[in-house]
Structure formats: C-alpha cells, structure tokens
Amino acid sequence: MLEVLMTAVSYSAAIALAAAGITLIYMTTGTFNFSHASMTAFGLYTVFIFSKVLFRDLGYPTYVFFPVAALISGVLGVITYLSVNRWLLKRRADMVTLMMSTLGVDLIYLALLNIIADYLTQEYKVNARLIVLSTEDVSIVQSGDFVLRGIPIVSVSIVMTVIILLKYILNRTKFGIAVRVTIENPSLAEIVGINPEVVYLTSWFLGGAFAGLAGAILSMVITGTPAVGSLVIVPEFAGAIVGGIYSLFGSLAGGYLIGLSEYILITLLATYVSRNLVVYQPLIPLLVMSVFLLFYPEGIGGLQLSRVVERLRKSVWR
Amino acid sequence: MENLMSLILDPLSLSIIVNFGIFLIVTLSLNLEVGIAGVPQFGRVLAVLAGALGAGSIAGRLMALYYGLPWGYEYTDIFTNLKVVEEMNRRLSSSPLESILMLLLALVIAALMGGAIGYVASYPAIRLREAYLGITLLAFGEALQTVVKYYDPIAGGTEGIMVPDVFRFVGAGQARFFFSSMVILAIALMIFVYLQLLLRSPFGRSLKAMRDMEIAARAFGKDIVKLRAQVLIIGGSIAAIGGALWTLYTMSLKAYTYTRVTWTFWPWAFMMLGGTGNNKGIVVGTFAFSTIRSLIFAYKTTLESFIPINPNWLEYILIGLTIVLIAMFRPQGILPERPELPLPRRRIEELRASQ
Numbered sequence: 001m002l003e004v005l006m007t008a009v010s011y012s013a014a015i016a017l018a019a020a021g022i023t024l025i026y027m028t029t030g031t032f033n034f035s036h037a038s039m040t041a042f043g044l045y046t047v048f049i050f051s052k053v054l055f056r057d058l059g060y061p062t063y064v065f066f067p068v069a070a071l072i073s074g075v076l077g078v079i080t081y082l083s084v085n086r087w088l089l090k091r092r093a094d095m096v097t098l099m100m101s102t103l104g105v106d107l108i109y110l111a112l113l114n115i116i117a118d119y120l121t122q123e124y125k126v127n128a129r130l131i132v133l134s135t136e137d138v139s140i141v142q143s144g145d146f147v148l149r150g151i152p153i154v155s156v157s158i159v160m161t162v163i164i165l166l167k168y169i170l171n172r173t174k175f176g177i178a179v180r181v182t183i184e185n186p187s188l189a190e191i192v193g194i195n196p197e198v199v200y201l202t203s204w205f206l207g208g209a210f211a212g213l214a215g216a217i218l219s220m221v222i223t224g225t226p227a228v229g230s231l232v233i234v235p236e237f238a239g240a241i242v243g244g245i246y247s248l249f250g251s252l253a254g255g256y257l258i259g260l261s262e263y264i265l266i267t268l269l270a271t272y273v274s275r276n277l278v279v280y281q282p283l284i285p286l287l288v289m290s291v292f293l294l295f296y297p298e299g300i301g302g303l304q305l306s307r308v309v310e311r312l313r314k315s316v317w318r
Numbered sequence: 319m320e321n322l323m324s325l326i327l328d329p330l331s332l333s334i335i336v337n338f339g340i341f342l343i344v345t346l347s348l349n350l351e352v353g354i355a356g357v358p359q360f361g362r363v364l365a366v367l368a369g370a371l372g373a374g375s376i377a378g379r380l381m382a383l384y385y386g387l388p389w390g391y392e393y394t395d396i397f398t399n400l401k402v403v404e405e406m407n408r409r410l411s412s413s414p415l416e417s418i419l420m421l422l423l424a425l426v427i428a429a430l431m432g433g434a435i436g437y438v439a440s441y442p443a444i445r446l447r448e449a450y451l452g453i454t455l456l457a458f459g460e461a462l463q464t465v466v467k468y469y470d471p472i473a474g475g476t477e478g479i480m481v482p483d484v485f486r487f488v489g490a491g492q493a494r495f496f497f498s499s500m501v502i503l504a505i506a507l508m509i510f511v512y513l514q515l516l517l518r519s520p521f522g523r524s525l526k527a528m529r530d531m532e533i534a535a536r537a538f539g540k541d542i543v544k545l546r547a548q549v550l551i552i553g554g555s556i557a558a559i560g561g562a563l564w565t566l567y568t569m570s571l572k573a574y575t576y577t578r579v580t581w582t583f584w585p586w587a588f589m590m591l592g593g594t595g596n597n598k599g600i601v602v603g604t605f606a607f608s609t610i611r612s613l614i615f616a617y618k619t620t621l622e623s624f625i626p627i628n629p630n631w632l633e634y635i636l637i638g639l640t641i642v643l644i645a646m647f648r649p650q651g652i653l654p655e656r657p658e659l660p661l662p663r664r665r666i667e668e669l670r671a672s673q
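So the protein lines, in turn, are chains A and B. Residue 306 in the numbering used here sits at position 306 of the first sequence, with consecutive numbering throughout. Residue 547 in the numbering used here sits at position 229 of the second sequence, with consecutive numbering throughout.
No lab work stands behind these hints, which were simulated from the structure alone. Some clues are possibly wrong.
DEER-style ranges, computed between Cβ atoms [to be verified]: (1) A:135 to B:574: 26 to 34 Å; (2) A:227 to B:497: 44 to 52 Å; (3) A:129 to B:491: 30 to 38 Å; (4) B:574 to A:122: 56 to 64 Å; (5) A:185 to B:647: 28 to 36 Å; (6) B:620 to A:56: 30 to 38 Å.
A short list of chain B residues far from chain A (calculated; beta carbon distances all over 10 Å) [stated by the list, open to error]: (7) 379; (8) 445; (9) 454; (10) 586; (11) 659.
Every residue, glycine too, gets a C-beta built ideally from N, C-alpha and C.
Please build the complete structure, drawing on both the sequences and the hints.
Here it is in structure tokens:
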C-alpha cells in the first residue's frame with residue numbers, strides 16, 4: 001500500500017504539472033491545447049533518448065536530464081505558438097477553431113514521435129516502443145520490503161519549486177503583473193504599453209515546459225510508448241477542469257486530486273471488490289471530472305477559502 | 319463501358335467507395351451537429367461505437383436467438399462466437415430475405431442506440447459552455463470505448479466478436495465486395511439527400527438561427543433546449559448507422575479499432591477541408607481524403623521503398639497538416655457555406671417580379 005501511495009504521489013505530480021500547463025495556456029490565449037499530450041510524451045522521450053541512447057556510457061543519473069526535457073517541450077510550445085496559434089489569435093478565431101488547430105498539431109507531433117521511435121529502434125537497436133526507466137531510479141531508504149525511490153521526493157520538490165516560482169513571478173515581478181493584466185483585459189493591457197505577444201509566448205514556453213517535466217516524471221513511473229500521450233491527456237484535462245481552468249494553483253490541486261483518486265480508488269477497488277476492476281482505471285478521472293462539471297463547474301480554483309472559513313465560523317458561533 | 323465496369327470492379331476503387339460511403343455518413347452527421355447546429359461534437363466516436371454495438375452485438379444476438387443458437391452470455395465467448403456466427407453465415411448465405419431483414423434490423427437497432435446516445439449527450443450539451451462540452455463529449459467517447467474493451471459480455475472485450483455476414487447471399491469474394499460497397503454508397507447518398515431536405519426545412523433554418531445567434535432564435539420563439547436535443551438525436555442516429563455498416567462490412571466488432579483519432583478527428587478534418595456547414599462540401603472533402611487514404615493503404619509497400627518513414631505516420635502528418643492549414647488559411651473550406659433558399663431560386667424571382 002505504501003508503495004502504491006508513493007507511485008500515486010509521483011504520478012499525480014506529473015498530472016498536476018501538465019494540468020497547470022494547460023491552464024496557463026488557456027488563461028492567456030484562450031486555447032485548449034490538445035497537443036499537450038504529445039508535449040508530455042516528448043518529455044518522456046527526451047529523458048529516454050538522453051539517458052539511454054546519447055549519454056548511455058557516462059552513467060549520469062536520469063534526473064540530470066529533467067531540465068532538458070522541460071526545455072525541449074517548452075521549445076515545442078514556442079513553435080506551436082509562433083507557427084499556428086499566433087496567426088489564429090490575430091484573426092480572432094473562435095474557441096473551437098483554436099482547439100481544433102492544436103488537435104492537428106498534436107497529430108503531427110504524434111507522427112514525429114513515432115518516426116523518432118522507429119529511427120531509434122533501427123539505428124541504435126534499443127526498444128524505443130516500450131520504455132522502462134523506473135529500474136534506473138535510485139533507492140533512498142530501504143527497510144524490509146519497502147524501498148523509498150527517488151521519484152516521489154523529486155516530483156514533490158519539482159512541484160514545490162514551481163509553486164514558489166509562480167508565486168514569486170506573478171506577485172513580485174513586473175512581468176508577472178503584466179501577465180495578470182493581460183489575462184484580465186488584453187486590450188487594456190496593450191493601452192498601458194504591455195506587449196501581449198511576450199506574455200503569450202512565455203506562457204506557451206512555460207506550459208510546454210510543465211508538460212515536459214510531467215513527461216520526465218512519468219518516465220520513472222509508467223511504461224512509455226509513443227502513444228503515452230493519449231493515455232494521459234484525459235487525466236490532464238480532467239485535472240485542469242477540476243481545478244477550475246482559471247486558476248493555476250487550482251489546476252495543480254485538481255491534478256493531484258485526479259491522480260491520487262485514480263491510483264488510490266483503483267487499488268481499494270481491486271483489493272476489496274475484484275481484481276478485474278483494475279482495467280477501468282482510465283474511467284476514474286472522467287468520473288471525477290463529470291461530477292465536478294455537473295455539480296461544481298467553478299472547480300477547486302473557484303473555491304473561496306475565506307468564504308468557507310466565514311461560514312464555518314458563523315455556524316460555530318451560532 | 320467495359321472499361322468503366324472494370325474500373326469500378328477494381329478492388330482499389332471499391333475500397334475507395336467503401337471508405338467514402340462510411341466516412342461520408344459519419345462526417346455528414348458531424349456536420350449536422352457542428353456545422354449547422356453549432357454543437358462542438360468532439361465525441362463522434364461515441365455514437366459510432368454505439369451503432370457498431372447495436373449491429374454487431376445486439377442484432378447479432380437477436381439473430382442467434384431467432385435461429386435457436388446460443389445468444390446469451392456465452393455469445394461473446396471467442397470459441398462459441400466463432401461457431402455460432404459460422405452457423406448463422408451458412409444459413410444467411412442461402413436466404414436473401416433473412417439477410418436483408420437482418421441488415422435492416424441491424425440498422426434500425428443501431429439508429430436507436432445512436433439516438434439514445436445523442437439524447438444522453440444533450441444533458442451536458444444544454445448546460446455546458448462550448449469548450450467544456452467538447453471535452454466532456456470527448457471523455458464520454460473514451461469511457462464507452464474503455465468499458466467495451468474490457469467488459470467481455472458486451473462485445474468480447476479485447477478479442478472482439480464476429481458479426482454475421484448479411485451480404486453473403488450474393489456469393490463470396492468479389493461479388494460480396496461489390497454488393498456491400500454499393501449498399502453502403504446507396505445508404506450514404508440517401509442520408510445526403512435527407513440532410514439536404516432537412517437543411518431546407520424550417521427545422522434546418524431554425525438550427526442555423528440557433529447557431530448564429532441563440533438569443534435571437536429564442537426571441538423568435540424557438541425552444542433551444544428541444545432543438546439541441548433533437549439535433550443530437552438525429553446526428554447520433556446517423557453516425558450510428560455509419561458504425562453499424564462498418565461492422566457489417568468488416569464482419570467483426572473490435573472495440574480497440576473505434577478510436578477517437580479515426581472516428582472523431584478524421585471526420586473533423588474531412589469536414590473542415592470540405593467546408594463546415596455545407597453538405598456538398600462534405601462530399602468533396604470526404605471523397606478527397608478517402609481517396610488519399612485508400613491510395614496510401616494500397617501502395618503502402620511501394621511508398622515504403624522510397625520514403626524513409628512508415629506510411630502510417632505520413633497519413634497522420636497529412637491529416638494534421640490539413641487541419642492546421644485549413645484552420646489558418648481557409649476556415650470556410652473548399653466549398654464555403656451558402657445561404658439555403660427556402661424555395662427554388664426561380665420561384666423566389668417570380669414572386670419578387672409579381673410584387
């Protein structure tokens with residue numbers, strides 16, 4: 001059970017980061033980015049290529065390549081923005097067109113990923129269609145059956161760093177204020193001399209980088225295939241929507257909620273009801289998302305803590 | 319004439335016709351919902367799979383029941399299924415009447431299933447905003463596929479089931495290939511005519527009014543909730559007929575082949591290429607794509623020898639590029655949507671002259 005919990009924590013961190021990326025891109029550019037799935041998969045493949053193909057003999061720990069994964073997926077985000085999204089935003093395309101265009105981008109990235117996997121298999125004689133990197137992980141504490149691996153700790157520290165960085169950038173820097181103004185009112189932001197293009201570009205880079213980090217974390221948790229994107233896209237979107245799609249920290253919380261419920265619920269069901277239920281794991285994010293959409297569409301980000309506290313206080317005082 | 323016949327009978331042209339017919343049905347249904355009524359239907363695979371289940375699983379079982387063969391839980395067991403379907407095929411091949419009745423039964427059940435799915439989808443469609451609805455429908459499609467894939471009693475789980483062959487009575491091989499592709503084409507054309515008539519009717523015009531400005535449509539007394547439910551039911555039924563014909567044609571029902579890429583994103587690409595909102599454009603877009611797809615499939619090995627990549631990925635890149643480029647440079651598609659005239663043009667001009 002403890003091992004499952006550790007895996008759940010790492011997996012959820014990946015989903016939370018990717019959901020935050022989706023939310024960031026949606027908040028600034030109004031685009032639901034479907035190519036996030038492939039950007040996540042690219043993150044996973046970057047870690048694999050660097051640690052198992054290019055620098056296999058040097059014996060670096062896998063974690064060294066996490067920043068590279070973030071960088072490459074971030075660049076993919078920038079490419080998507082500059083080549084497609086920017087053009088459509090200038091022409092004020094509607095939301096469905098924006099969403100559809102990223103779907104097209106996703107198909108192209110998916111094909112590229114498959115071509116890369118084919119190439120690696122042919123040229124380097126590695127099994128690039130079935131990637132297991134979790135065996136490369138370091139074990140930090142070992143007592144009896146239980147092994148504490150590196151990834152839960154690394155994933156949690158990545159999320160913590162991201163939260164602190166975002167808090168600092170959004171609240172303390174001029175750029176962060178520009179971002180928030182652009183989200184609130186793009187035309188007014190332009191009047192006071194903020195260039196929205198810079199904000200859009202940065203959010204696509206950061207969104208992509210979050211997806212890349214998510215993929216890097218996933219590489220240590222699940223078995224990677226070129227189709228890994230289509231596996232995680234539903235939890236990622238579910239996390240973003242449960243988070244309320246208008247709040248970065250809400251989406252991180254939403255991602256954790258989705259990821260943890262996915263792993264923990266399915267483990268409980270498999271232990272106490274029937275082992276055959278394990279295959280229905282992909283249904284859990286959908287279930288959680290549907291419940292939120294139908295009953296609480298504001299999401300976690302819409303939850304106002306002060307109001308909850310107020311209500312509690314009143315009911316206690318009365 | 320003889321040349322023409324041999325061209326039509328060529329396996330490549332027949333496979334183009336089958337692909338064209340099936341995807342025309344699905345893309346037309348998508349266009350009804352997206353292009354004409356303005357519902358962001360990102361879960362087309364849902365109704366298609368429901369139709370496939372209606373034809374392959376439910377109609378197949380009813381047929382087994384009729385012939386007195388095992389039809390209950392054991393129908394989806396891989397060995398029993400093989401035997402039962404073989405026996406049914408033997409009987410169907412000697413009875414044209416039963417084959418045609420079976421085909422009709424399968425299509426009716428599929429349409430009912432698709433309609434039911436459309437009705438269920440109308441519940442979120444009335445309440446959620448555009449993109450939220452799109453993602454919810456997409457997720458529903460995934461959910462149904464997951465359940466069918468892993469819950470064996472529905473359609474044999476990952477192994478899938480065989481589907482009785484309703485086209486067998488004309489003979490095996492080439493004759494069946496020709497006959498089935500003609501049936502599919504005929505049904506696709508019937509649906510095209512029906513949708514063209516629907517578009518010209520007051521109902522079709524109120525759908526466009528709803529898409530263009532919901533508030534104005536409501537001000538003129540249109541019941542938006544009812545209109546949206548109706549269009550989702552009609553669209554779902556049509557898409558389900560497409561799915562049903564595909565299982566009947568391939569004689570098998572395997573859940574993992576009903577992916578969102580094939581049955582949601584490709585129809586979207588066909589629709590965007592042809593012209594969202596214009597049924598004639600859908601015909602053009604679907605024809606262009608199904609021809610290219612069939613050609614890539616047919617010349618796969620030849621292609622492989624002079625391009626360094628697997629032709630599968632070429633197909634993905636092609637469709638992805640089309641979606642992106644059309645969205646960027648020609649959002650109205652090849653044949654842009656034109657206002658539908660309620661009466662023939664000549665009649666309108668006469669009326670105008672007489673005033």
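Hints versus structure:
A hinted range of 26 to 34 Å holds for the C-beta pair residue 135 of chain A and residue 574 of chain B, which are about 29 Å apart. In this structure, residue 227 of chain A and residue 497 of chain B break the distance hint of 44 to 52 Å, their C-beta atoms being roughly 37 Å apart. Residue 129 of chain A and residue 491 of chain B have their C-beta atoms about 36 Å apart, which keeps the hinted 30 to 38 Å range intact. A hinted range of 56 to 64 Å for the beta carbons of residue 574 of chain B and residue 122 of chain A is inconsistent with their spacing of about 26 Å.
Our hint of 28 to 36 Å for residue 185 of chain A and residue 647 of chain B holds, since their Cβ atoms are close to 30 Å apart. Look at residue 620 of chain B against residue 56 of chain A: about 37 Å separates their beta carbons, and that is inside 30 to 38 Å. Every CB of chain A lies more than 10 Å from the CB of residue 379 of chain B, the least distance being 23 Å, so the non-interface label holds. The beta carbon of residue 445 of chain B sits about 7 Å from the closest Cβ of chain A, which is not more than 10 Å, so the claim that it is off the interface is violated.
Non-interface call for residue 454 of chain B relative to chain A: violated, since the shortest CB-CB distance, roughly 6 Å, does not exceed 10 Å. The Cβ of residue 586 of chain B does not lie farther than 10 Å from every Cβ of chain A; its closest approach is about 6 Å, which violates its non-interface assignment. Residue 659 of chain B, annotated as away from the interface, keeps every beta carbon of chain A farther than 10 Å; the closest lies near 27 Å.
Hints 2, 4, 8, 9, 10 from the list above are not met by this structure, while the remaining hints are.
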